[in-house]
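Visitor: Construct the complete structure from the given sequences, taking the supplied hints into account.
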Amino acid sequence: MSGSNRRSRDPGNDDYNEIKATNVRYEHGTVSRTKRAKVLGAGQFRGCTVWFTGLSGAGKTTISFAVEEYLVMKGIAAYSLDGDNLRHGLNKNLGFTAQDREENIRRVSETAKLFADSGNICLTSFISPYLAQRELARKLHEDAGLKFIEVHVATPIEICEKRDVKGLYEKARAGIIKGFTGIDDPYEAPVSPDIVLCSDKDNIHSINDCVQQVVSFLQKNDIVPFDCVDTVRELFVPGHKVDELRQEAETLPQLEVTKLDTQWIQVLSEGWATPLRGFMRETEYLQTLHFNNIKSVDGSSNQSVPIVLPISVEDKDRLKEEKSVALRYNGKIVAVVREPETYEMRKEERCARQWGIVHKEHPYQQLIWESGDWCLGGDLEVLERIKWEDGLDQYRLTPNQLRAEFKKRKADAVFAFQLRNPIHNGHALLMADTRKRLLERGYSNPVLLLHPLGGFTKNDDVPLNVRIEQHHAVMKEGVLDPDSTVMAIFPSPMMYAGPTEVQWHAKARIAAGATYYIVGRDPAGMKHPGHGDDIYEHTHGRKVLTMAPGLGQLTIIPFVVAAYDKTKCQMAFYDSSRHEDFLFISGSKMRQLARDGEEPPPGFMAPSAWEIMSSFYKNKAKMQS
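Residues in the sequence shown are numbered from 1 upward in steps of one, following this note's numbering.
These aren't lab readings, by the way, just hints derived from the structure by calculation.
Do not rely on the hints blindly, as some may be mistaken.
Unchecked claim - With beta-carbon atoms standing in for the labels, derived distance ranges: (1) Q247 <-> F584: 31 to 37 Å; (2) A352 <-> F584: 30 to 36 Å; (3) K566 <-> G41: 30 to 36 Å; (4) A621 <-> L367: 26 to 32 Å; (5) Q553 <-> F573: 23 to 29 Å; (6) A154 <-> S32: 36 to 42 Å.
Every residue gets a Cβ at the ideal spot worked out from N, C-alpha and C, and that includes glycine.
Guide: Printed below as a string of structure tokens:
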């Protein structure tokens, strides 16, 4: 692409463009673009060409391949055509004369048009230095009714020369290569490109930002759905409209919501359930129950648990004709539901589908059976951040705040670990080992998102404030490295729904920017409230996560079994050949030791962290006596 050439002003004036055969005609197929779209699993035809142009070394190929990988990961058909790659095959008979370079771009344009016509998003990365060449490519697409998107990768030549992986600039400066674009042959920059990018492929955030610019443009032009954009949909009203909405809300019919409902309002408003716009409408509720997935105008998204607002029959009858409803918690208006709709929850069916069992003593199902029989769905407008005023609000970071923190720390990988129990040294061993493996894979600064669940939990779980204090003690003793750890509270209620719920936990961490997710033994599981055995097989959560649709951008890291090694007096990865040397201490056993005032074996947990747990249970026992 960057060899010697002399420029021709008329790319159409050469022998390559002449039709040599006279006995041919263009045949139109019978398969419509709409039919092709359905075969590709798309709700609409997405075929187009995204044409990356810029100097050698600008980052065209790097960005093109990154966009391709991102789109495919999102289930969007895309394919990259790279200049050097095509010269290994289709264009291997072309050199770098002016005529050959023009023919190179003509062939690429025709090939890209065919890819686009097939329903693919075709991504081309070629220097294509002349305006006339690119305009020819655009006209070819537009005449065929296909979108053509010109992307100028406007990386300054100084940066391109510093990269110079192929040594071409050095050779051009030395006069070894003649007619090199940007040195002794001009690059005609686009006059009105659709997108302008500047890449620094040494900076992971720069490449990611470029990818999102391209994908955002595709979304705004109705080529890809909203959920394809790596963005978080917060449901807060703009600051300048808060007073206006509050005044309006005072005039609306009102509905008092529970603490559990308010926790879900916090989850929705902060964007953890992106792309949901509010409490589920009936179509979303049914898709979640039956498919663990939601398909809408915003695209397709994994959503394994219902997020609904239960209401009584009386409230259903009272509100069924209303266009807006104000939600009030503890006497304070927190949100407004727009264009609400009501539908029956059908509690037994919900429990059977979400949990696989129906038992009124299951802690979350108990809340369902105590709630209303109907649901109110609709778009939410939330007045302001939910605050609990419990001394822990500073740890309740939104997905956007967490993304900003990871960017500030220059994290090139984020691995999330959710827990609802105190941290013992086995947990810490797994987290430290995960970071070590990510470093070995080539990451320079993997950061741990330590993300304890902060919503509803069952009565015998350790309270949130005690867990946060215990986690701090673990970091203070150096068992976890504070410099590579971000501790924050995940506001979701705990539903104890096993493999179904663990998909929700993983999906929500994607919103926060996590790229790796550590999944433990029997995630989100518990003992059966009737017979006492585990409700779920302990490996199913991990297995389901590796297969779940819509979570492809998250790499699942299985929980390696750690146990107490009696020969070393420390937590270690379990070795089945030395089974008798290991002691297994479950979360239940750990809590029992603390309740009974007993000490765990040395090396099981940081001493100051154990003291916090022990003190909690001692105080609890005193209060109950």
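Visitor: To test your reading of the hints: which numbers does this structure violate?
Guide: When the structure is compared with the hints, numbers 1 and 3 turn out to be violated.
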